[in-house]
Each structure stands twice: as C-alpha cells, then as structure tokens.
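Asks: Whenever a hint applies, use it, and build me the whole structure from the sequences.
Residue numbers (numbering that gives the first Met the number 0), protein chains in the order written: chain D, 0 to 182; chain W, 0 to 108; chain B, 0 to 669.
These are computed hints drawn from the structure, not numbers from a lab.
Take these hints with a grain of salt, some might be off.
Distance windows between CB atoms, simulated [stated by the list, open to error]:
hint, chain 1, residue 1, chain 2, residue 2, range
1, D, Ile20, B, Gly637, 35 to 45 Å
2, D, Ile20, B, Ala661, 20 to 30 Å
3, D, Thr28, B, Phe617, 37 to 47 Å
4, D, Thr110, B, Phe624, 40 to 50 Å
5, D, Thr170, B, Gly637, 37 to 47 Å
6, D, Thr28, B, Gly654, 17 to 27 Å
7, B, Leu636, D, Arg147, 52 to 62 Å
8, B, Ala661, D, Ile137, 50 to 60 Å
Heads up, the beta-carbon is just placed ideally off N, CA and C, and yes, glycines get one too.
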Amino acid sequence: MTDASTLATQVVFAVIALVTIASGILVVTRRNPVAAIACLVVHFVATACAYIVLSSQFLGAAQVLVYAGAIMVLFLFVVMLLAVDKQPDPGAASGLGRKVLVAACALVLITVVGRAVAQHSAGPAAAGTLAPGVEDSIQWLAADLMERHLVAFELSSMVLIAAMAGVLVYTTRRGREMPGGTP
Amino acid sequence: MSGLALLHSVVPASWAILLAVTLFAIGACGVLLRRNAIIVFASIEMMMNAANVLFVAMADSWDHAAGRIFVFFVIVVAAAEAAVGLGIVLALYRLHGTVDIDRASLMRG
Amino acid sequence: MQAVMLGVIPLLPAIGFAILGLFGRRMSNGQVRLVACGVIGLAFVAALLSALPVLLGRLESATSGAVVVNAAARSVEVSLWEWLPLGARHGASPELHGERFLEHLSIPFGLYLDPLSAVMILVITGVGFLIHIYASEYMSHEGGYWRFFTYMNLFVAMMLILVLGSSFPLMFVGWEGVGLCSYLLIGFYYQQEVPPQAGLKAFLVNRIGDAGFLLGMLLLLLTFGSLRYAELFPRVAGASEYVGTGLAVATAALLFVGAMGKSAQFPLHVWLPDAMAGPTPVSALIHAATMVTAGVYLVIRANIVFQAAPEMSAIVAVVGLVTALMAASIALVQTDLKKVLAYSTVSQLGYMFIAVGVGAYAAGLFHLVTHAFFKALLFLGAGSVSHAMGGELDMRKMGGLAKKLPQTRWVMAIATWAIAGLPVLSGFWSKDEILTGVVTSTLPQAMKWAIWGGALLGALLTAFYMYRLYFMTFRGEPRWDEGVHPHESPAMMTLPLWILALLSAVGGVLGLAAWTGARNILHHALEPVVFPGTMVLGREALEHGTELGLAIVAIVVAATGALGAMFFYARRSDVPARAAAALPRLRELLRGKYWMDEILGALFVRSTLSLSALAARFDRKVIDFGVEMSGFSAGLLGEALRNLTSGRVRTYALGVLVGAAAVVSWMVLR
Chain D
0 MTDASTLATQ VVFAVIALVT IASGILVVTR RNPVAAIACL VVHFVATACA
50 YIVLSSQFLG AAQVLVYAGA IMVLFLFVVM LLAVDKQPDP GAASGLGRKV
100 LVAACALVLI TVVGRAVAQH SAGPAAAGTL APGVEDSIQW LAADLMERHL
150 VAFELSSMVL IAAMAGVLVY TTRRGREMPG GTP
Chain W
0 MSGLALLHSV VPASWAILLA VTLFAIGACG VLLRRNAIIV FASIEMMMNA
50 ANVLFVAMAD SWDHAAGRIF VFFVIVVAAA EAAVGLGIVL ALYRLHGTVD
100 IDRASLMRG
Chain B
0 MQAVMLGVIP LLPAIGFAIL GLFGRRMSNG QVRLVACGVI GLAFVAALLS
50 ALPVLLGRLE SATSGAVVVN AAARSVEVSL WEWLPLGARH GASPELHGER
100 FLEHLSIPFG LYLDPLSAVM ILVITGVGFL IHIYASEYMS HEGGYWRFFT
150 YMNLFVAMML ILVLGSSFPL MFVGWEGVGL CSYLLIGFYY QQEVPPQAGL
200 KAFLVNRIGD AGFLLGMLLL LLTFGSLRYA ELFPRVAGAS EYVGTGLAVA
250 TAALLFVGAM GKSAQFPLHV WLPDAMAGPT PVSALIHAAT MVTAGVYLVI
300 RANIVFQAAP EMSAIVAVVG LVTALMAASI ALVQTDLKKV LAYSTVSQLG
350 YMFIAVGVGA YAAGLFHLVT HAFFKALLFL GAGSVSHAMG GELDMRKMGG
400 LAKKLPQTRW VMAIATWAIA GLPVLSGFWS KDEILTGVVT STLPQAMKWA
450 IWGGALLGAL LTAFYMYRLY FMTFRGEPRW DEGVHPHESP AMMTLPLWIL
500 ALLSAVGGVL GLAAWTGARN ILHHALEPVV FPGTMVLGRE ALEHGTELGL
550 AIVAIVVAAT GALGAMFFYA RRSDVPARAA AALPRLRELL RGKYWMDEIL
600 GALFVRSTLS LSALAARFDR KVIDFGVEMS GFSAGLLGEA LRNLTSGRVR
650 TYALGVLVGA AAVVSWMVLR
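Replies: Encoded structure:
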C-alpha cells in the first residue's frame with residue numbers, strides 16, 4: 000500500500016471513531032428517549048463502518064442488518080409503545096457523588112488500558128489463521144463457521160428460539176389492559 | 000468481492016482498542032447514571048458493541064478468524080437478549096407503571 | 000487434749016453464730032438466749048481450763064504432731080491445718096533478707112496460747128458472758144433479738160481468733176471480723192438514720208488503720224520471712240542490726256497505725272463516740288472491753304518490733320497521752336451519758352498506749368483488764384439507767400436517781416471510784432502501775448516527767464468528769480420529764496452488774512505494786528511474752544519509798560478531781576454555768592470536740608467526694624460516651640453498608656463497575 004492510502008485509511012478510521020464516540024455520548028446524555036435511540040442507530044451504523052475499515056466486511060453488513068435494522072427497530076417499537084416520552088420524566092439526574100465516582104472509574108479504565116496498549120502492540124499469529132494473501136474472507140468465514148463451529152451455530156439458533164418463547168410467555172397476559180390504555 | 004477485501008488493515012491496533020475501551024466506558028456511564036430502563040438497556044447494547052469492536056480489531060490485527068466468528072455469535076446473542084430484555088422492560092412497565100429502574104426494587108430501604 | 004480444748008474456744012461461739020444465723024428467725028427468745036449465752040459460757044469454761052496451766056507455768060515441752068508446747072515460752076501452739084501454703088518447699092530455714100524465703104512460706108491456721116492470749120481470752124469470754132446475760136434481758140423488748148445475738152456470737156468468735164491466732168494474717172482475719180461485727184452492731188437499728196452512718200464511719204476509719212496494719216505486716220514478711228509469732232519474734236530478737244533502723248521505725252509505725260484505727264487513738268478516734276448509736280450492750284462489749292483493746296493487744300504481742308524502734312515507741316506513748324488528754328477534756332462538757340463513757344474509753348485507751356509506749360507492757364495489759372471490768376460495768380449501768388428512764392440518756396434530765404435505782408447506783412459508785420483511780424480498787428493499781436512504768440522507763444528525763452505530768456493531769460480530768468457523771472445522774476435534784484417512771488432493772492441485768500462490780504473492786508490483786516511487797520501476778524505471768532533485756536526499752540530501778548510517794552501524789556490528784564466534781568455538781572448550783580460563762584471559747588472548743596470531725600471531713604471526706612464526683616463525670620462523659628459511640632458507629636456502619644443490598648439495580652451495577660475497574664487496573668499495572 001502506498002503511504003497516501005495508508006494515511007487516508009487512518010484518517011477515515013479516525014473520523015469514524017469520532018462519530019462513534021460522539022453518538023455514544025449523545026445516547027447517554029439525551030433526555031428524550033426517542034432522541035437517544037436515534038443516536039444509537041447512528042452509533043451502530045458508524046460501528047459498522049468501522050468494521051468495514053477493519054477488514055470485517057461481512058460483520059459490518061451483519062451489524063447494519065441485525066443491530067441497526069432489527070434491534071433498534073425493536074427499541075423504537077418499545078419506546079413508542081410505552082409512550083415513554085409522554086410520561087413524567089424519570090430520568091432525574093443522579094447525585095453528584097455518583098457521577099463523580101462513575102466518571103472516575105471510567106477514566107481509570109480508559110487510561111489504564113490505554114497505557115497497557117501503548118506498551119504492547121504485536122500479537123501472536125495463532126494457528127488456523129488465514130494465510131496472508133488469501134483474499135476471500137467471507138468465504139473463509141463461512142467455512143469456519145459451518146465446519147468448526149457448527150454446533151455453536153445450531154445452538155445459537157436455539158438461543159433465539161428460547162428467547163422468543165420466553166418473551167412470549169411473560170409478556171402476554173390474557174385480557175389484561177396495559178396502563179396507558181393500549182391493548 | 001475478492002479485489003476489495005482487505006485482510007489486514009493499516010489501522011493501528013492500539014487506536015481500535017482505545018476506541019473499544021472508550022465506548023465501553025461510555026456505555027458503563029450510561030448504565031449507571033440513567034434511570035430510564037430503556038436507556039440503560041441501550042447502554043448495555045453499547046457496551047456489548049464495544050466488546051465487538053475489540054474483537055474485530057484484534058481479529059484484524061492478528062489476522063485471526065476466531066475474533067470474527069465470536070462477533071458473529073455475539074450479535075446473535077445480543078439480538079436474543081435485546082428481545083428478552085425489552086420484554087422485561089415491558090413487564091416492569093406493567094407492574095409499576097413506569098420504567099424507572101429505581102422503582103423496581105421490592106426492598107424497602 | 001490441749002489442742003481440742005484450745006480449738007473449742009473460738010469454735011463454740013462460731014457454732015452459736017451458725018445456729019442463730021440459720022435458725023434464729025424461727026427460734027423463740029428463750030431459745031436464742033440459751034444458745035447465745037450458753038456457747039459463751041462454755042467457751043469461758045474451756046478458756047479457763049486451757050489458760051490456767053499456761054498462766055501458772057505448769058507446762059512441759061512437747062511436740063506431738065500439730066501441737067507444740069514450749070515450757071520456756073509458756074506457750075501452746077496448735078496448727079490446725081495448712082491455711083496458706085504459699086511456698087513450694089517447707090521446713091528449710093530461709094535466709095534473712097534473702098530472696099528465696101517466699102519459697103518456704105506457709106501460713107497455718109493455728110492457735111497460739113501463751114500468757115498474753117490466755118489473759119485476753121479469759122477477759123473476752125468472761126466479760127462477754129456477763130454482757131450476754133445482761134443483754135438477753137436488756138434487748139428482750141427489741142425487734143431482731145436473734146439477729147443481735149447472731150452478730151454478738153460472731154463477734155466473740157472473731158475476737159477470739161484475733162487473740163488466739165498464731166500468726167499475723169490470722170490475727171488480721173479476726174481483726175477484720177470484729178470490724179465487720181462492729182459495723183453490723185453499731186448499725187443494728189438500721190431503720191433509723193444515724194446508726195447506719197455511724198457504723199459506716201467506724202468501718203471506714205478502721206479501714207485506714209487496716210491499711211497501715213497490712214503494710215506493716217508486709218514489711219515484717221519481707222524483712223524476716225515469716226509471720227508466725229513463734230518463728231518471727233525470735234528472729235527479730237536476734238537481729239541486732241535491725242534495731243533503730245528506718246525500716247524498724249517504719250514497720251512499727253505502720254503497725255501502730257493499725258492499732259490507732261482499732262483502738263481509737265488520735266486522730267483516728269472519731270468513730271468511737273458515734274458508735275454509741277448502737278445498743279448499750281454493744282458499747283459495753285465491743286467498744287469498751289474487747290474490740291478497742293485489740294490495738295493494745297497488737298502492740299503487746301509485737302512488742303519486740305516496737306522495742307526495736309525506740310523512737311517509735313516513744314511516739315506511741317506521746318500519741319497515747321495526747322489522746323488521753325484530748326478525750327478527757329471533751330468528756331468534761333458532754334451531756335449524753337454514753338458519750339461521756341465513750342470519750343472516757345478513748346482516754347483510758349490512751350493510757351494503755353502510754354504504758355506500752357514506754358515499755359511497761361504488763362501495766363498496759365493490767366489496765367486493759369481492769370478497764371474491761373469497770374468500763375463494761377459503767378456501760379451496763381448506763382444501760383440500766385436508760386432502761387429505767389425510758390431510753391433517756393441526757394444527764395441534764397436525770398438527777399436524784401439514787402433512791403429509785405439503788406443497785407445501779409451502788410455498782411456505778413464502785414465503778415466510778417475504780418476508774419478515778421482512787422485506792423484501793425482495781426483502777427488505782429493499774430493506773431498507778433502505768434505511772435510507775437513511765438517513771439522507770441529509760442526515756443530522757445524531761446520527756447518522761449512531762450508524760451508523767453500529763454498523765455496525772457489526765458487522771459485529774461478523769462476523776463472530775465466521771466464524778467460529774469455520777470453526781471449529775473444519781474445525786475442532786477430530780478430533773479426528769481413528766482411521764483418518766485424510773486425503776487430498778489430486773490435481776491438478769493443487775494446480777495452481771497454486781498459480778499463486774501466485784502471484779503472491779505478486787506481485780507487489783509492481779510497487779511499489786513512493788514511497794515506493797517506482794518508479787519505482781521501479771522508482771523510475772525507476762526515475762527516470757529515480753530523480751531526483756533535484749534532490747535533498748537529497759538527499766539530503771541525505783542525505790543519503794545519513791546514509788547509510794549508518787550502513788551500518794553496520784554491519789555491526791557484523783558481525790559481533787561472527785562471533790563471538785565462534787566462541789567460543782569452534787570448539789571443544785573450554778574457553779575458549772577458560771578464557769579462555762581467565764582470561759583466561753585474553751586467551752587466551744589470542747590463542745591466542738593476540737594473540730595476533729597470537721598477537719599477530717601474537709602481534709603479527706605470532701606476531697607474524696609469531689610474526686611469521686613470527678614471520676615463519675617469522667618465515667619459518664621468519656622467512657623459512656625465512648626461506649627455509646629462504638630454502638631453508634633456500628634449503627635453508622637450498618638447504615639452505610641445497607642446500601643450494598645438496597646435492591647436498586649444501579650447500586651449493584653456501580654459496585655460491579657468499581658470492582659471491575661479495580662481488578663483491571665491491578666491486572667494491567669502489576
């Protein structure tokens with residue numbers, strides 16, 4: 000790769016990273032839940048872009064499909080269903096001490112990990128990697144998934160089914176009204 | 000897509016790791032500082048997302064497929080978990096009429 | 000045989016105490032009387048049987064098991080059991096001033112009968128028996144009859160242990176025991192306000208003395224390694240380098256402090272007049288005849304220790320003199336019959352200490368015996384008067400009782416004659432022997448003649464106030480209130496009075512003076528007890544003529560006192576009032592008992608009370624505060640920790656975060 004394209008890639012990644020962080024902060028700080036969820040959508044999309052830059056294209060696509068597409072829709076659905084923005088705001092701010100403590104811990108985490116990372120960069124290339132030069136990552140990903148991790152793959156489908164069943168079980172009540180008047 | 004695939008990007012791993020940790024910390028703040036259950040849940044999703052970023056970054060840096068597979072499964076489980084969690088939020092709403100998680104305590108003090 | 004007889008003596012009153020203590024509540028007055036007087040009477044018989052061989056010197060040395068008979072010392076020692084085995088090895092002789100004597104220390108519970116303790120037990124059981132008989136009638140109208148005799152029997156048992164104990168610790172047991180009984184009996188009328196306070200005062204003042212006694216014992220133990228008389232005193236006698244040392248003075252001083260407390264010497268005399276709040280038989284037995292003489296007994300018993308510190312011995316005599324004069328002067332202005340007798344007791348005890356202070360131990364013992372006779376008689380007679388007058392004790396409300404109470408009047412007359420030291424009754428002989436002892440002592444001339452003069456002045460005062468008592472009570476015009484019908488006491492009360500009167504009269508034969516040519520029985524009997532000639536308190540010789548001359552001087556002085564009293568009080572006259580008016584300040588001083596109670600109160604009582612108030616405040620503010628704080632902080636901690644399990648999700652999440660941050664940091668930074 001040329002230096003220019005390297006630099007370009009890195010700049011792109013930096014921009015994407017900034018967007019991700021900014022939208023993340025927005026999610027946490029918005030009063031209005033709908034606004035927060037919207038920011039979260041942006042966050043996930045930006046993350047998907049980051050995946051693509053980090054040469055996991057399939058995951059980027061999956062991220063958009065599943066996270067931004069399905070999970071966020073689910074969130075929005077619930078938010079709208081509960082008409083949360085029309086309810087009295089329960090998001091009264093936490094006490095100052097709490098905020099300070101949490102901020103401190105977060106900063107500690109970031110700095111500590113940052114310093115650690117600064118000291119170590121290279122990692123081992125373990126067995127079973129893709130040989131450098133092989134270009135078709137998605138194919139390889141699929142092969143790995145279906146061959147070596149087939150059991151886990153099937154089990155994950157069971158997880159989904161269990162989740163569905165569980166949700167159905169405890170969220171349906173016969174003949175019971177939800178407060179707010181919606182059925 | 001063979002021409003376009005980049006197996007190993009030139010993004011320094013440290014940047015990506017730092018990004019992951021930052022997102023994780025932001026998510027943690029959200030979990031702890033917000034009382035709205037839905038936002039808390041959203042923050043949890045952010046934290047899982049941050050973990051995903053980390054896996055992807057490492058898979059990229061070390062050219063290892065395991066990271067990507069792991070992310071795949073995390074996304075699956077996250078979806079399931081989002082469904083269940085939001086179901087819980089609904090149940091919480093039914094019980095207390097509010098999504099304030101501080102009200103979700105049966106204990107008196 | 001001897002052992003059994005000896006052991007029985009204190010055992011009998013103890014048994015009486017046990018029976019009355021356990022069953023007395025359910026016994027009738029007659030049964031109580033029988034038990035109480037019976038055990039004392041039997042103890043007297045046992046004492047007589049044990050004491051006679053010892054006093055007459057008819058002993059043969061022998062050692063059989065626990066009994067050691069020493070003919071030379073005229074002693075019988077019976078070790079009943081091993082009481083305080085403090086040492087690992089027995090039998091080896093420790094070194095003087097050595098470090099290892101405590102390994103061999105073993106204090107047995109033993110009884111020691113020698114001429115001194117023989118005389119004491121005869122007095123205790125004999126006079127005690129008479130007083131018990133008297134009291135059985137006197138107290139018959141009081142409540143708590145059985146309780147009274149329970150305490151009385153316990154007292155006699157303890158007093159006997161005191162004088163029969165073969166070592167100082169055992170004497171101390173009896174010492175404390177009689178102190179306890181004194182407290183119990185003074186405060187016998189506990190429902191009233193004054194008696195319990197008086198009992199407490201007696202006990203506390205005694206305690207001061209006890210502290211001195213214990214320290215003195217400790218010094219003796221550390222210096223000589225033993226506290227058993229048979230072991231200790233020979234060692235002291237043989238330690239010529241001990242004489243006159245500061246250690247010897249300190250030891251003697253501390254023992255004397257103990258004697259001062261128990262025998263009411265200045266300044267620890269303040270409890271005795273207040274002790275008159277107890278029933279009259281108690282005053283007679285405890286505060287005249289026996290308990291208060293324990294201090295004198297102590298000094299005579301430990302005479303070798305005092306002889307080793309001649310300066311201290313002299314101080315003892317001086318303290319005795321000061322006490323004698325002070326108490327006699329206060330007695331001059333007392334109006335309560337028993338209070339006069341109480342101060343008189345303090346004064347006479349002072350005389351006994353003068354005697355033992357100058358080394359005339361036999362004289363001191365002699366006076367102890369005669370004083371027991373006539374003072375007990377005086378107290379019992381006072382009880383008779385009070386019984387006749389319906390409980391009245393103020394002499395200003397008496398007078399002219401001679402016709403109404405003839406028997407009481409005559410025995411009191413005998414007793415007063417005796418205590419005044421007029422010939423030929425017992426008091427004359429004992430007081431005279433004390434005076435002679437002062438003159439023949441080896442103290443410096445100026446000192447001993449000053450003491451002699453002071454004692455003579457005391458005799459003058461004694462005669463005066465005693466005859467004042469007699470005349471105010473029995474002669475002169477009747478002054479009693481309406482509704483009082485004086486009548487003579489019943490036979491049970493008057494019989495002991497007559498016996499005591501007889502003893503007061505003829506008791507003098509025990510110690511006839513040298514100029515009569517007769518043998519001084521007590522002096523001779525006491526010889527092995529006192530260690531003559533080895534120590535510094537020797538005797539000077541005195542010609543019989545000089546002795547007789549001095550005796551006559553004493554007689555004249557006493558007679559002057561008596562006649563003076565007669566002049567003042569026998570007829571209705573205003574002489575006392577005029578004399579009082581002429582010397583108002585003196586009168587105030589005497590009336591106020593030299594302000595002794597006030598001084599001691601300010602010095603000790605108030606400071607102790609403020610110290611305890613301070614301590615109480617400290618206890619509340621600091622210690623209680625601390626304790627409450629610890630409880631409070633436990634509560635605080637609980638409040639804080641409560642949040643850990645609040646049930647609030649966010650709190651738990653915060654905990655997780657903090658913990659995770661900590662763990663990650665540790666892992667990364669390690």
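Asks: All hints are to be evaluated individually against the structure, with a verdict given for each.
Replies: Here is how each hint holds up against the structure:
no.	hint	in the structure
1	D:Ile20 x B:Gly637: 35 to 45 Å	holds, 42 Å
2	D:Ile20 x B:Ala661: 20 to 30 Å	holds, 24 Å
3	D:Thr28 x B:Phe617: 37 to 47 Å	violated, 58 Å
4	D:Thr110 x B:Phe624: 40 to 50 Å	holds, 45 Å
5	D:Thr170 x B:Gly637: 37 to 47 Å	holds, 39 Å
6	D:Thr28 x B:Gly654: 17 to 27 Å	holds, 23 Å
7	B:Leu636 x D:Arg147: 52 to 62 Å	holds, 54 Å
8	B:Ala661 x D:Ile137: 50 to 60 Å	violated, 41 Å
The structure fails hints 3, 8 (numbered hints given earlier, in ascending order).
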